[in-house]
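Novice: Generate the whole structure from the sequences, applying the supplied hints.
Chains as they are written, first to last, in my numbering: chain A, 1 to 252; chain B, 1 to 252; chain C, 1 to 252; chain D, 1 to 252; chain E, 1 to 252; chain F, 1 to 252.
I should point out that these hints are in silico values taken from the structure, not numbers from a laboratory. Be careful, since some hints might not be right.
Copies of the same chain are indistinguishable here, so a pair counts whether it falls within one copy or spans any two.
Taking lysine to any residue and the SDA-like style, the derived pairs with C-alpha atoms no more than 20 Å apart in a straight line are [said to hold, decoys possible]:
id, residue 1, residue 2
1, 194, 207
2, 102, 207
3, 194, 248
4, 15, 213
5, 102, 153
6, 22, 95
7, 147, 199
8, 148, 106
9, 22, 226
10, 147, 61
Quick caveat: nothing in here was measured; it's all calculated off a predicted structure.
6 protein chains.
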Amino acid sequence: MAMYHLSDMTWPEVKQALETVKIAIIPVGAHEQHGPHLTESCDDVLADKFSRKLGERLYPHVLVTPSISIGVSIHHIHFPGTLTFRPETLIAVIRDMVWSLKQHGIQKFLLVNSHGGNQSTLSVACTTLTHELGIEIYLAKTTASAKKAIQEHVKSTLFGHSCEREVSEAYYLAPQLIREDQLAPGDIQEGKWKLLRPGNAVQGTYFYDEMTANGCIGDATKASYDAGQAIVEEALGNIVAAVSQLLNFNEN
Amino acid sequence: MAMYHLSDMTWPEVKQALETVKIAIIPVGAHEQHGPHLTESCDDVLADKFSRKLGERLYPHVLVTPSISIGVSIHHIHFPGTLTFRPETLIAVIRDMVWSLKQHGIQKFLLVNSHGGNQSTLSVACTTLTHELGIEIYLAKTTASAKKAIQEHVKSTLFGHSCEREVSEAYYLAPQLIREDQLAPGDIQEGKWKLLRPGNAVQGTYFYDEMTANGCIGDATKASYDAGQAIVEEALGNIVAAVSQLLNFNEN
Amino acid sequence: MAMYHLSDMTWPEVKQALETVKIAIIPVGAHEQHGPHLTESCDDVLADKFSRKLGERLYPHVLVTPSISIGVSIHHIHFPGTLTFRPETLIAVIRDMVWSLKQHGIQKFLLVNSHGGNQSTLSVACTTLTHELGIEIYLAKTTASAKKAIQEHVKSTLFGHSCEREVSEAYYLAPQLIREDQLAPGDIQEGKWKLLRPGNAVQGTYFYDEMTANGCIGDATKASYDAGQAIVEEALGNIVAAVSQLLNFNEN
Amino acid sequence: MAMYHLSDMTWPEVKQALETVKIAIIPVGAHEQHGPHLTESCDDVLADKFSRKLGERLYPHVLVTPSISIGVSIHHIHFPGTLTFRPETLIAVIRDMVWSLKQHGIQKFLLVNSHGGNQSTLSVACTTLTHELGIEIYLAKTTASAKKAIQEHVKSTLFGHSCEREVSEAYYLAPQLIREDQLAPGDIQEGKWKLLRPGNAVQGTYFYDEMTANGCIGDATKASYDAGQAIVEEALGNIVAAVSQLLNFNEN
Amino acid sequence: MAMYHLSDMTWPEVKQALETVKIAIIPVGAHEQHGPHLTESCDDVLADKFSRKLGERLYPHVLVTPSISIGVSIHHIHFPGTLTFRPETLIAVIRDMVWSLKQHGIQKFLLVNSHGGNQSTLSVACTTLTHELGIEIYLAKTTASAKKAIQEHVKSTLFGHSCEREVSEAYYLAPQLIREDQLAPGDIQEGKWKLLRPGNAVQGTYFYDEMTANGCIGDATKASYDAGQAIVEEALGNIVAAVSQLLNFNEN
Amino acid sequence: MAMYHLSDMTWPEVKQALETVKIAIIPVGAHEQHGPHLTESCDDVLADKFSRKLGERLYPHVLVTPSISIGVSIHHIHFPGTLTFRPETLIAVIRDMVWSLKQHGIQKFLLVNSHGGNQSTLSVACTTLTHELGIEIYLAKTTASAKKAIQEHVKSTLFGHSCEREVSEAYYLAPQLIREDQLAPGDIQEGKWKLLRPGNAVQGTYFYDEMTANGCIGDATKASYDAGQAIVEEALGNIVAAVSQLLNFNEN
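Specialist: Right, dumping it as structure tokens:
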């Protein structure tokens, strides 16, 4: 399917595409441990693949940029290979990308984020850059909105990182990320992290190895292509609908 | 009830209190428009009052600090009187307070936040300062965990700012904030904000006057002392329980 | 007496007040040890109370903002409970407050400072923000200009912190700050600080505990309400006169 | 050939590799216009491909990281699609990557840079980070050391960007970057840039469109796979030799 | 007379001098308009000359560094030729100089400042760097302590910049700065500056051209070598005495 | 010869000079060890003297500013007396000088740099400030362009710091920098620096004492006034020609 990806275009091609492009999509991933069964680039690759599908669905109104391949992952730093940005570095990277694209006439931006640890920083980036650069900047968590498919397909009570849900998404979007012979459920530990999970009264920082000895949670052995397809496609539909409405709003 | 509040103590009194204090509570508010029926200091006062009640419940293990009276409120800036910090300013303020208290031997911190617009910035602050200063820093949204009481008492479908829920909390904690003769439901506007509300597939920044012409949402005329009491007390119970467990965890 | 204080107003009230307001007053305090006889919030409370009196005298031309309750107090950090801002944090806080108020149409600002340790930082803030934000920003030390009353009423040769003069001001403005049963003269130490006092040929940083073991100087037992009244009222008169002239100057 | 690339490994695989790895290679590219005949990701892809070859030659002593896909390209910003980092952003990105890898025990780093506009910034990064992080950080321009092959194979007098030399390298390393039907010589303009070329007495900033209307220089139509192979292989040999010696030096 | 000036020494000479040196003196000047009768480098030269005399008097315990030739002079920027540092730049310059000298074993520093506009920034620098770098840093205004000589010799009621006092100092320390045929009294203007002079109840920023049309104040035509000598020598005596005592203090 | 040097002028003189001045020259030096035979201020003095000669040649179109007497010299910090700026400090100093001069109407700037360690930082400064301040900023290394004279006169194979070439320049420009009785060849050490010299495949940071025990390289005993004159004059000619062309370019 046709899609505008900045990396694969020459400048005359970009110039022509800008005649119809209304919004740029910036994929934001991470580069961190994903247990024994997913490679460290998992979030980066999933953000990129998901964004390309958005680019296809919203062609010719969307321009997809190169992904930001590192995110805020300090809670995974005890596992070998994890890379992390400080929040201010991630914001600086986004600011410079948005500033550059604004020079080419783009006024609207959607950050497509695959990594929970980035979410607060990206929300701060939206607030800050909207006002500093005078542009509109939106934020979507790749598959967070696929509530129906997740409820139907994901059996693990705990999920969110290198889990049944994420491995399913990888089966659908990028199976090369998976070490099938290493699929394993999370090796969950006791710890204060239980008090601090999303939805609890108190939040806080903990290292991921306090929660899981092998770096994953839930039961990835139950993951499947079908679950991944259902989750990704539901989420794509939600985001395509929202972006379409946003673009229309601004035109009226 | 007995309570340690840093502002009301001399240094010899603080010195003695530090023998039992295990955690400092830093109230974080905001200083922004709250429609025609609440004063601009509403969030600051509610964070302070709520934190003092926590200090009483957790005495003598908690030291309450002066509140941070301004937050991230740029989305309210079009309404007269709103003050806003840039996210980096709010983080700098917290860093300096935490650094100072660490000099006095405190290692654990709870940010008690009453303003939704601060939440991402405070989450970034937790991540950053935990690692930069080598301390533990937790975050609680004042009454967000009072899910039962909110469901039971709050009738407005839209709430979150100068609304039925917040005015109820003010009735219970600080009635002097309320202009009873000005109580009014939100004057809701059409706009792209509907696409961007919490829980939607796409988030983003919008000015509050795009959503409501008088600066409030929901129906504040339905607020009551009883609703406020139920919400605040349920939330206090949740946070007291969580903090108690966290303090125990660290001792074992 | 009538007075505009931002914290106690709704946005429609602020909107109306802005029709006559010509200058905003930002009280700047500190949160630091004040010996055995004054609480740690002393400077914050005195700056606030003093500024409110200015707001009354200059009504309806002045809008008083919430105080900045922490200042530059690192020289007191060895005493329990002291909080300190780095100079750049204090400047950032002022910048954001001034920027916000400028959005509401205010072009003139007066910092009313009660803490000597803030003075250099505030002077730098005036220089920097005047040019950066294109506004006028003035600075007054609360009672420093009350030269006659100080000479007449203050007997201690050493004063300036939790001293005869400051306790007197507290008797007049905020007696709840005082532990009357703990009033004590400074427990002065030998040390290099004597070489570095204001007015000497060489200045420099020293910790306050090098100078005084109990954290106060002079003889606070000689403090009185009458002295406080005389000092505060003389200073108020001086500042009211100066501000009135400044406002007139700009109108011509 | 065997090679350690961080993106393609799980954390247990990284843990094992770290037993022999002595240096990390960080490819640094750019994302900027490359005339009508190369895509915007050219420098990023060439830095990555070149670094992977280094990783193969120096296996198992080298770990290749994900590339930094944007560089300092403000001089190309007038051409559609160019993205640019401010120098401080690029340094922040490198600092965070190096800091992360240091947590995993790596003490030596080689930046492999394909974009001339990055060179000064990377040199500053080497100086700064060596001292700030207490590590050793080296810098190589991908094919700059291939002096013999360049002299023998490159006929254009002007080269350095989307030129005969760069297209040749792309033929060898990543032919998918090339639009063969669009190959064109540079459309060179008159201008002050002639006074400021490398090697002249005075240097300075100019926009690339002051020099060339189509964004490329030299004559790319003369590029060939053979030239690319000769240039890349000579450079690889030089860098492999230098890195091997550096690793030996540190062991003695 | 013997004196250690860093600029005039080789490294083996510095190495030997460090055996007796206990404190470094850093002259801080400015580069700003000084009316029609003094050159723009006046403050820089006077700080340097004054510091060299201190170096002679305190030989072999003092090492004089190159001067910081630009200061905070934005209030003079409307006059041609004035250069100004932002306060943070001046602090950064001092931080780096102090950090460097600390590497060579020096632990005490005296800033010798000739320019009033620097005073607040330097005071902030002392506070900040004392704690950040773990050193002792002192501050002296060149001739401010010469109270007797100033009272006796200076007849102008207004002085402080390119005035009777400063021209006198130049006659004694650096007569080449003076355009004798251009000596003129200040061309004083009406303005709000009168409300904001040192010692008044309210301070604030004003441009120097609001105060004086020719850039100087007082009556420089009354300046003399004798007055300069008396002022400089009295101040030198005061600072030498204070530094000697400070050095002794630290030895006991 | 006539020359405009900012330090030696009053503001009315600067005002008049600005009628013909088209470019400002900012000398950039360093303050670092130069072996046993040159004083630490060598680079600062040479940059200043060289720039003054440029000012004479290009009179009345050039205004020479006070020199920046400290540069990026951390690689020399192990030798007593060396001062170093962090790269960001050097850029801040240049930014403030350029900003100030822009207020007086100057739009073009030439940095004349005598110290190799500054080169990358200055190149970054040119890129950054050109765009941030909207001015034109050029960079010249004092004598680097004197290729003929260097080839003819300099016999040492290794040169670049306190070497045959630099001592020759000092003989011609500032003989007071030289300790003739201490002239010595470099005391060269084995080390990894040999792998990292300019022109090699890999670059990187090393301390100067890893390369030379006495802090100099090449053979300074072969230096001469005649060599210095030839080198300096050839370089002056090159830079005068380039600047003249650049000024003409901008006029057309």
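Novice: Hint by hint, which ones does the structure fall short of?
Specialist: 5, 8, 9 and 10
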